[in-house]
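Asks: Please build the complete structure, drawing on both the sequences and the hints.
Respectively, the protein sequence lines represent chains P and X.
Under the numbering used here, the final residue of the first sequence carries the number 357; numbering is consecutive throughout.
Under the numbering used here, the final residue of the second sequence carries the number 380; numbering is consecutive throughout.
Hint data in this document are derived by calculation from the structure and do not stem from the laboratory.
Where hints are given, some of them may not hold.
[What the hints assert, rightly or not] Computed list of chain X residues with no C-beta within reach of chain P, every gap over 10 Å: (1) 108; (2) 136; (3) 197; (4) 225; (5) 296; (6) 299; (7) 302; (8) 303; (9) 305; (10) 313; (11) 323.
[Claimed, not checked] Partial list, derived from the structure: chain X residues whose beta carbon lies under 10 Å from chain P: (12) 177; (13) 204; (14) 205; (15) 238; (16) 240; (17) 248; (18) 252; (19) 258; (20) 259; (21) 294; (22) 298; (23) 301.
Even for Gly, the Cβ is constructed at its ideal location relative to N, Cα and C.
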Amino acid sequence: MPVVAIDAMGGDNAPEEIVRGVAEVSRETDIECLVFGDEARIQAILDTTTYNPEHIAIRHCRDAIGMADDPREAVRARRDASLVVGVRAVAEGRAEVMVSAGNTGACVLACARYFRLLRGVRRAALASVFPRYTEYPGQDSLALLVDAGATVRCEAEELVHFALMGSAYARRVSKVPSPRVALLNMGGEEGKGGEALVEAHHRLRAIPTLNFVGNVEGHELVRGRADVIVCEGLLGNVVLKLLEGVAEVLQDVARAAAERRLKWRVGLRLLSQGVERVQALTDYRQYGGAPILGFEQLFIKCHGRSNARAVANAIKVAAKAVRDRVPAEVADAIGVVR
Amino acid sequence: MSALRIARARQPRRVQPALLCRWDLDKTYLRTEFDTLRQLIRTARERGTEKVEVPGVAEVLKGLRAAAERRGRPHLVYFISASPPQIGAAIREKLALDGVPYDGIVFKDQLDRLRRGKLRQLREHVGFKLAELLRGRLAAPPGTLELLFGDDWESDPLTYSLYADTIEGRLAADRLEPLLRRVGVDQELLPEVLALAARAVGLDGRVARIFINLERRTPPALFRLLGGRVVPTFNYFQTAAVLAAGEYLDPPDVAGVARALVERAAYTPRRLENSLADVVRRGALHPAAAEHVARPLRVAGLLPAAPGGWVRRLFRRLGRRVAPITVANPEPIDYDGVLDRLRPARRATEREARPG
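Replies: What follows is the structure, encoded as structure tokens:
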């Protein structure tokens, strides 16, 4: 069984929800959880929950990187922080993959500091998944967005790498045999966007092993046209936060409407099953986490607000990625353009 | 031979108090499934060869006897089961197959209760078990030390603690009676239990430890309410390690338990190491005692050979932090508080354990 390193101290709900997620995984699976953080606090939480100690090892760390800490300074100076110690454990082969809901910048920088970039890859990419419509039976209900913030500005070559890495990940983890890859742009025509986007478009079209479907615009994101959406980190981060914000606003509007009129309240009650299904579809906790791609080692980043269920799902995704040999698949994919 | 050794050899061997081990059967010794009526019927019809023991339990029982014999300590083993005597033949067959030494088994006559229309009493075991524990105590030699083994399925932790406090004179009859009424002990059985309790108070001897097999993985913190005497364990390797720390087992006996888990229950050295670290972190086993137990197991390949610095660091750090393990309960147990917590918590655990 894969050994998954977990940063118990990272995230808005750490360590309680992280440890409860670990406990859930220990009960339900054979995954070996190697938990980094304040040992006494971790054990105190375990003591109050149902868990299987046979699948949990705890490594005490005296320090933790907070969500508001400066990532660069924290990764450089706080070598005893749970995130840093965990990433080192993966780099040294004591665990096969790292999971954290902590400070995103620190996660990416810790990977950059201790992991090795795949041969030919210049910059890492933070992937993220979001729910969308599907166009054909068997299509994954989640699309993969690469990059969600690891590399703020990108050149064409980096966008090409992101496309290949994202496609390899989707092939392995989502089991999509030939994922449709698209560039996020301000128009469908290949000449649209800046110089980097135009060049990336030309180069992606020339890769025969890649199922490149061209550019997609913002309104097409939640349609099923593409399985992997490629963009630079700044844009990807804005898109994800916008999607999350819109979903939250819609829920708030529905709640406010229900409070205002009895007719609307009754209507919502009648639709409650459907609303619950939509909520489940847009609930990030269902999906666990997404990988930081481009390194020889694996890192699964969870949402900062992850609860126990999200953490448990992220650990399962991490174990699945190890079992499906994702780093090897990504390395092979990059080999096409090296 | 040195003068010191000669002097030691001439010293008369200290008479060891008898060790009385009392075990629950279902979910403690046997992996019995009776969550549904179908499982209950199947369990009742099973033969000895079809019954499955909890991994490592037979080795703990055999190790306890072997260790007692090495020390010249009289050793008695009794099973107290709330199952009906009709399954006795299958149970005896199973124990014989496992080579487990025992001195007696007590069953609960469920059929008699059914015949008398006492349906509620079919599931109430506190009164039955307490009476049998007290009866056994009165028959045991003076100064007997006891180890009790149960599980988190029914009321073993509570029953065993009530028993231990009663015989140690920490729970007077005027406190015991309302507690037994509150847990619903049979009105006809109550005077008998109280009479037995009155006779057992102040007998020489005590309950050294109560081991609870966390079959349904009840959160261990819940048992803190019952004091340090109660040790919840997730597997019999943890139980064996704690028993070795109390010198009821020797490291080779612990190795026997570990080997059984590795060979017959697909345990890995890493799983065993995680189990050991867990019981240390929970404060049931002193780090130095864990080291002592672990050393021969590493040599035998039952624990990872090179533990890495982390295990040594863990034990060193906890060794500094952990006070000597206290098995006696210095503070009286608030049984009303325990009952308030245990019953709703059991329902919550059931909900959590339910799939979907």
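Asks: A separate judgement is required for each hint: does it hold in the structure or not?
Replies: Hints versus structure:
Interface exclusion of residue 108 (chain X) from chain P stands, the closest Cβ pair being 30 Å apart, more than 10 Å. No Cβ of chain P approaches the Cβ of residue 136 (chain X) within 10 Å, the least distance being about 36 Å, so the stated non-interface status holds. For residue 197 (chain X), the non-interface assignment is confirmed: its Cβ lies about 34 Å from the closest Cβ of chain P, beyond the 10 Å cut-off. The claim that residue 225 (chain X) is not at the interface with chain P holds, since no C-beta of that chain comes within 10 Å of its own (minimum 34 Å).
With a minimum CB-CB distance of about 8 Å to chain P, residue 296 (chain X) fails to clear the 10 Å threshold, and the non-interface call is violated. Consistency note on residue 299 (chain X): stated as away from chain P, yet its beta-carbon is not over 10 Å from all of that chain's, at 6 Å minimum. Annotated as non-interface, residue 302 (chain X) brings its C-beta within 10 Å of a C-beta of chain P; the closest such distance is 3 Å. Its beta-carbon lying about 8 Å from the closest one in chain P, residue 303 (chain X) breaks the requirement of being farther than 10 Å from that chain.
Consistency note on residue 305 (chain X): stated as away from chain P, yet its beta-carbon is not over 10 Å from all of that chain's, at 5 Å minimum. Even its closest Cβ contact with chain P, about 18 Å, leaves residue 313 (chain X) beyond 10 Å, as expected for a residue assigned away from the interface. In this structure residue 323 (chain X) is separated from chain P by more than 10 Å, as the shortest Cβ-Cβ distance comes to about 21 Å. For residue 177 (chain X), the shortest C-beta to C-beta distance to chain P is roughly 14 Å, which exceeds 10 Å, and the interface hint is violated.
Annotation: interface hint on residue 204 (chain X) violated; nearest CB of chain P at approximately 29 Å, more than 10 Å. For residue 205 (chain X), the interface hint is violated, since its Cβ never comes within 10 Å of a Cβ in chain P; the closest pair sits about 30 Å apart. Taking 10 Å as the C-beta cut-off, the interface hint given for residue 238 (chain X) holds, the closest approach to chain P being about 9 Å. Restraint check, residue 240 (chain X) versus chain P: the minimum CB separation of about 8 Å is within 10 Å; hint holds.
Look at residue 248 (chain X): its Cβ gets to within about 8 Å of chain P, closer than 10 Å, so that hint holds up. With a cut of 10 Å, the hint placing residue 252 (chain X) at the interface with chain P is violated, because the nearest CB-to-CB distance is about 14 Å. Checking residue 258 (chain X) against chain P by beta carbon gives a least distance of about 5 Å; that is within 10 Å, so the hint holds. Because the closest C-beta pair between residue 259 (chain X) and chain P is about 7 Å apart, less than 10 Å, the hint holds.
Hint status for residue 294 (chain X) relative to chain P: holds, with the closest Cβ pair at about 7 Å, below 10 Å. Below 10 Å, beta-carbon pairs count as interface contacts, and residue 298 (chain X) has one with chain P at about 5 Å; its hint therefore holds. A distance limit of 10 Å between C-beta atoms decides the matter here; for residue 301 (chain X) the minimum to chain P is near 7 Å, and the interface restraint holds.
The structure shown violates the earlier hints numbered 5, 6, 7, 8, 9, 12, 13, 14, 18.
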